[in-house]
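S.K.: Start from the sequences and build out the full structure, keeping to the hints where you can.
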Amino acid sequence: MHIRHVTLTTGHARDSLAGEVSPSALARAQAIIVGFASGEVSEPTPVMPGYSVTGRASGRCLVATVYADGPPSELIATIGVATHSRCGASLWRNLHKWGRTPVVTDPTRCPPEPWVAVALDEGAATHEDAMHWLGDFERCLAWAWVSARGVNR
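Numbering (the numbering used here), first residue to last: 6 to 158.
Hints in this document: simulated from the structure, not taken from any laboratory. Among these hints, one or two may not hold up.
[Said to hold, decoys possible] Using C-beta positions, here's what the derived DEER-type ranges look like:
(1) Ala18 with Pro76: 33 to 41 Å
(2) Glu133 with Pro77: 32 to 40 Å
(3) Val109 with Thr131: 15 to 23 Å
(4) Pro28 with Asn99: 17 to 25 Å
(5) Met6 with Gly55: 31 to 39 Å
(6) Met6 with Pro76: 41 to 49 Å
(7) Ala130 with Ser29: 29 to 37 Å
(8) Ala32 with Glu127: 27 to 35 Å
(9) His89 with Val39: 17 to 25 Å
(10) Thr131 with Gly24: 31 to 39 Å
(11) Ala94 with Ala23: 19 to 27 Å
(12) Glu127 with Pro54: 17 to 25 Å
(13) Thr131 with Trp103: 12 to 20 Å
(14) Ala32 with Ala130: 28 to 36 Å
By construction, the Cβ of each residue, glycine as well, lies at the ideal position given by its N, Cα and C atoms.
M.R.: Rendered as structure tokens:
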């Protein structure tokens with residue numbers, strides 16, 4: 006099984022295999038999404054001090070937003086994870102509308118689920134250190150969400 010990983014702002018896409026995420030990283034990401042399932046919460050990222058993640062679960066989809074803690078707080082990226090087409094197509098289109106940074110992917114051409122997509126925001130340009138760990142963090146959240154939903158494809 007794989008998860009399609011897409012960066013909307015660059016168009017870069019690749020398949021992520023479950024073995025890319027260590028059990029300890031998966032456990033940390035699962036702890037974060039447990040809070041998201043009960044409503045929108047904000048947690049420090051387990052990867053890097055000075056950043057936080059806010060998220061919300063809706064059905065079989067998850068939206069997480071990564072911020073550089075302030076002052077002032079800056080939006081770095083919005084991450085969407087979809088495990089079912091019922092919410093996936095809508096989430097895909099919405100990810101193309103959120104944020105102020107242009108995207109190059111097509112909002113009408115959603116990849117097959119499961120997928121994780123990220124829209125980098127303006128804060129990404131001023132927080133280059135976040136770019137070193139953000140892709141891995143996206144995959145960890147995605148695999149934690151997929152495993153929590155029992156998705157097999």
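S.K.: Hint by hint, say whether it matches the structure.
M.R.: Now for the hints, and whether the structure bears them out:
1. Ala18 with Pro76: 33 to 41 Å: Holds, at about 35 Å.
2. Glu133 with Pro77: 32 to 40 Å: violated (18 Å)
3. Val109 with Thr131: 15 to 23 Å: holds (21 Å)
4. Pro28 with Asn99: 17 to 25 Å: violated (32 Å)
5. Met6 with Gly55: 31 to 39 Å: holds (34 Å)
6. Met6 with Pro76: 41 to 49 Å: holds (42 Å)
7. Ala130 with Ser29: 29 to 37 Å: Given a distance of about 31 Å, which is inside 29 to 37 Å, the answer is holds.
8. Ala32 with Glu127: 27 to 35 Å: holds (32 Å)
9. His89 with Val39: 17 to 25 Å: For His89 and Val39 the Cβ distance comes to about 20 Å; the hint holds.
10. Thr131 with Gly24: 31 to 39 Å: Given a distance of about 33 Å, which is inside 31 to 39 Å, the answer is holds.
11. Ala94 with Ala23: 19 to 27 Å: holds (24 Å)
12. Glu127 with Pro54: 17 to 25 Å: Since the Cβ atoms of Glu127 and Pro54 sit about 22 Å apart, the hinted range of 17 to 25 Å holds.
13. Thr131 with Trp103: 12 to 20 Å: holds (19 Å)
14. Ala32 with Ala130: 28 to 36 Å: Holds, at about 32 Å.
Hint compliance for this structure: hints 2 and 4 are broken, all remaining hints hold.
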